[in-house]
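Visitor: Below, each chain spelled out in residue letters.
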Amino acid sequence: MAEFRFPWLSLSVLICIVGAVWDALARTPDVARRRSLGASGLALGCTLAAWLDFVLLGAVEAHDPWSLTAGLLGSPLLALDPLSAPKLPLVALVYFLTNLATLRAKAREFSFARSLAAEAILLATFACKTPWAVAALLAIGTIPPFLELSKAGKPKRVYVVHAGLFVGLLALGAALLETAGDASNPPVAAIMALALAMLVRSGVAPFHCWMTDLFEHATFGTALLFVAPMPGVYGAMRLVLPFAPSWILQAVSMASLATAVYTAGMALVQREARRFFCYLFLSHASLVLVGLETASPIGVAGALCLWLSAALSLTGFGLTMRCVESRMGRVSLSDFSGLYRHVPMLAALFLITGLASVGFPGTVGFIGLEMLVDGAVQSSPVVGAIVVIVAALNGLAVIHAYFRIFTGRPHASSIELHIRPAERASVLVLTALILGGGLYPQPGVESRYHAAVALSRSRRSHARSPVDPAHGAAAGSRLPSGRVAIDLIRARS
Amino acid sequence: MTVEALFVALGVCVVAAPAILLLAIGGAFLASRPLSENAMARWTASCVACSLLASVAILTLMLGTGSRYVPVELGDWARIPEEHFHFHLKFVFDRLSVPFLILTLILCGTTSAFAHRYLHRDPGYGRFFLAFAVFLFGMVVATLAGAIETLFLGWELVGLSSALLVAFFHERTSPVLNGQRIWSIYRISDAAFLLAAVVIHHATGTGDFTGMMGTGPWPEGRAAVTSGQALGAGLLLLVAAAGKSGLIPFYGWLPRAMEGPTPSSAVFYGALSVHLGTYLLLRVSPILELSPVLGIATVALGLATAAFASITGRVQADVKGALAFASLTQVGIITAEIGLGLRYIPLIHIIGHACLRTLQLLRAPSLLYDYHALEDAIGGPLDDADDAPGRWLTERRRRNLYRLGFHRGELDDALDRFVVAPFVWIFQRFDRLERRWTDWLAGAASRESDRRAASAPIGEEA
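Line by line, the protein sequences are chains A and B.
To convert, note that position 57 of the first sequence is 56 in numbering that gives the first Met the number 0; the numbers rise steadily by one, no gaps.
To convert, note that position 3 of the second sequence is 2 in numbering that gives the first Met the number 0; the numbers rise steadily by one, no gaps.
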């Protein structure tokens, strides 16, 4: 395993932790906002540097030098591989831009200190590969939203029930995984528990109600940050995909596909913007899971592309929606709000980010969706057709919401509603990434394909039966081609 | 400079000019520095002229050198060689694309010049030209596409701009609802297209039209797929074309689309957008030739649409509605021609029809004034048109046909009643179930959003 030139990973996590403490001591929300922007900006810089360092090293995996955990645990806890390398800067960017787009008026409701703490946990989660540590960090990650709900005096039982189920299943799965002697042959019960936990965390139906409930009661920023990076998908990739037998993957795939259809339909009948956004997000997260379980490198690569693009575009979409909400309170989709005349630029950004999330041509999601459909059709033509239908339904939902929020008789307002510079900057950065990634997709596609092949290799290395003739020879030596990897998986299953 | 290099340079110029227009207007809008009306008109005129001159130069060169097929390769947009996945950016100048491209650019140029005056000082002037730039770029890309994925790219851009322009007068409810309806039909059409693209890709191993249609320039290629694959992919493409061109059962969007400003109605629904479906069928015509069943289905769909639109168009009370159904009649006939295996005749039909209909639609706003002027001049009302085809029908049949036309076949209502309403009903039931579940878990009313008072149902929802 290669070493970074500087401990970027530990530093990014540490900055967030220190920033959270420092932020908590701030006397005014304005000071807290400035501090959190500084800390999350620094963390973003570190994660970008880590990504760049990783690319320059050309390694399959890299970790920090002088890692504390290496001495204690025998191996470094934080490491990057092709799967997690771009996710870390993405997470840091999402947090930074959300903090940036939080207006002073909202600074009293949205806790910057808690946001930095959640960022530290999430960065550590995405930089971690060790199963028990990933499980532990995912479990800890459920605490910040709970604290917010408690502090705001909001109903939290729905969230607690689901979070408790998630943590319980994680603990059970991780414990069974750790107690199993042979790491390459984990007990099916452990995999099932972990798979179920990830379904709960990803909001796969019927375990999705916690997410709509969170969007109902938490601040939009907190809910967005808790779901947008899709840690459940990451957990599925680290804890389920490498070990799971084919039938579990198929079950997860079917559940995800059904959720994608169901939530796409639900997004169309929602009469309130937050709930609409939540269902739209759930539909995309489920599509990512469907792609991961297609077990074809192109499908997995498509899902990984979609993961990045959906996280980017839905964050942008969520931020524009949050901007709208900060101007007129909860946004009803039952009526035409007529905001276009006040905020034409916000309308344009809403449209761009929304269409990007459904893979509109020229945006970052387009190639990813094409690859996903391609992989799904390889897996089963019916699955491919359903994925296309889901994308079509989501496209309908986005334009429906656009028309409801921005068109209609102009909204009468006695105050200035124009988009603020900080909001504009944050959404424009995301828009630039969305359009830039759409117009020049090749680096992203290439990097995600390598990550997909690495995932296939990881899955193969955990194979139970030694029926593959190439099993021993290829492991760890060089990346096999995707086709070889998938043939091996299919041969085994 | 060699002839090939000249072809490439001109080809890039044809595509780049609309892209630059889109970047200029869109970039200025995003930078909160919108261009003035005159600047936008000048940008549009310059880019259209540049693209048109380059395409005429290509046509001249093709005629001069005797080339019937000029590909312009821009490389792979995205590729994974190990998986044989590539998104090829290739543009093709041939006997199909060049006439359609020149038609597109001439009509877009004319319409933009018309719109510059028609929408002068309209608050939505900039919005119109931005959507117009998206449309122009989409049309050029779709027309010249040398691979099915590239065609899909242009196809989607045309769809989005159409929906946004129908909802152009967005302070009123009705145009917005109509824009939404059109977007819904287009999404069905897009889904069918995407599936067809994937099916063809898997059948032939390429999305490139050259690979799919075998050797030989259009229309002489032979598809490299089996008859069964041709039927499957062809039916999906037929659905896509039916959605885009407003054939049965999707015709309901066409009269609704007339809610947009007249220039957009002219260029979208009289001239170009409505023919894009038939253009697609012409482009994939070698696939149609492989399956007699597909050919029969295409003819039947075209004739049924033409007959229906002809009846309905006769009872429309507004000029744009009547023109919409007149367009649809011709589009149905063009589709039937394609199904019958004709190639050049539908192409000529498209060009002639598009030019005529653009003229009629652009003249429509002043038609009433002209009629009054004419009646003043002759000193009395004009005679009613002679209803020759209806004379041999019984009164009862004429009444029934009138009713059919007046209600536009009620197919639009049937879609609402049997597709949309059950869909909404089912998911609203699920929503209620979820509410009960979360209320039970929370031990109280769990939805804060319920406190946001919803206003009365609007427009058609009522």
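Hints are computed from structural coordinates only; laboratory data are not their basis.
Small disclaimer: the values here were computed from a predicted structure and weren't measured.
Every residue gets a Cβ at the ideal spot worked out from N, C-alpha and C, and that includes glycine.
Heads up, a few of these hints could be off.
Said to hold, decoys possible - Computed footprint of chain A on chain B, listed as stretches where at least three residues anywhere in the stretch have a Cβ under 8 Å from a Cβ of chain A:
1. 181-189
2. 265-272
3. 338-345
4. 363-372
5. 392-398
6. 419-426
7. 440-446
What the hints assert, rightly or not - Sample of chain B residues facing chain A (criterion: CB under 10 Å; computed from the structure):
8. G25
9. A112
10. H115
11. H119
12. D121
13. G125
14. P174
15. L234
What the hints assert, rightly or not - Facing chain B, according to a computed beta carbon distance under 7 Å, are these residues of chain A, among others:
16. L56
17. E60
18. I366
19. S379
Visitor: Decide, hint by hint, whether the structure agrees.
Guide: Now the hints, each set against the structure:
Counting residues of the stretch 181-189 of chain B whose CB lies closer than 8 Å to any CB of chain A gives 5, which reaches the minimum of 3, so the coverage claim holds. Counting residues of the stretch 265-272 of chain B whose C-beta lies closer than 8 Å to any C-beta of chain A gives 0; at least three are required, and the coverage claim is violated. Coverage of a stretch by a chain is defined here by at least three residues with a beta carbon nearer than 8 Å to that chain's beta carbons; for the stretch 338-345 of chain B and chain A the count is 0, and the condition is violated. Look at the stretch 363-372 of chain B against chain A: 0 of its residues bring a Cβ nearer than 8 Å to a Cβ of that chain, fewer than three, so the hint is violated.
With a threshold of 8 Å between beta carbons, the proposed coverage of the stretch 392-398 of chain B by chain A is violated, since 0 of its residues qualify and at least three are required. A stretch counts as covered by a chain when three or more of its residues have a beta carbon under 8 Å from one of that chain; for the stretch 419-426 of chain B and chain A the count is 4, and the coverage holds. Only residues whose beta carbon comes within less than 8 Å of a beta carbon in chain A count, and the stretch 440-446 of chain B has 6; three or more means the coverage holds. Hint status for G25 of chain B: holds, given a least beta-carbon distance of 8 Å to chain A, under 10 Å.
Because the beta carbon of A112 of chain B sits about 25 Å from the nearest beta carbon in chain A, more than 10 Å, this interface hint is broken. For H115 of chain B, the shortest C-beta to C-beta distance to chain A is roughly 21 Å, which exceeds 10 Å, and the interface hint is violated. A cut of 10 Å between beta carbons decides the hint on H119 of chain B: the least distance to chain A is about 19 Å, and the hint is violated. Taking 10 Å as the C-beta cut-off, the interface hint given for D121 of chain B is violated, the closest approach to chain A being about 13 Å.
Interface hint at G125 of chain B: satisfied, since its Cβ lies 9 Å from the closest Cβ of chain A, which is below the 10 Å cut-off. Checking P174 of chain B against chain A by beta carbon gives a least distance of about 9 Å; that is within 10 Å, so the hint holds. Evaluation of the L234 of chain B hint against chain A yields a violated restraint, the C-beta minimum of about 13 Å exceeding 10 Å. Here the hint on L56 of chain A is broken, as its CB sits about 23 Å from the closest CB of chain B, past 7 Å.
Taking 7 Å as the C-beta cut-off, the interface hint given for E60 of chain A is violated, the closest approach to chain B being about 21 Å. A distance limit of 7 Å between C-beta atoms decides the matter here; for I366 of chain A the minimum to chain B is near 5 Å, and the interface restraint holds. Against a cut-off of 7 Å between C-beta atoms, the interface hint on S379 of chain A is violated, since the closest Cβ of chain B lies about 12 Å away.
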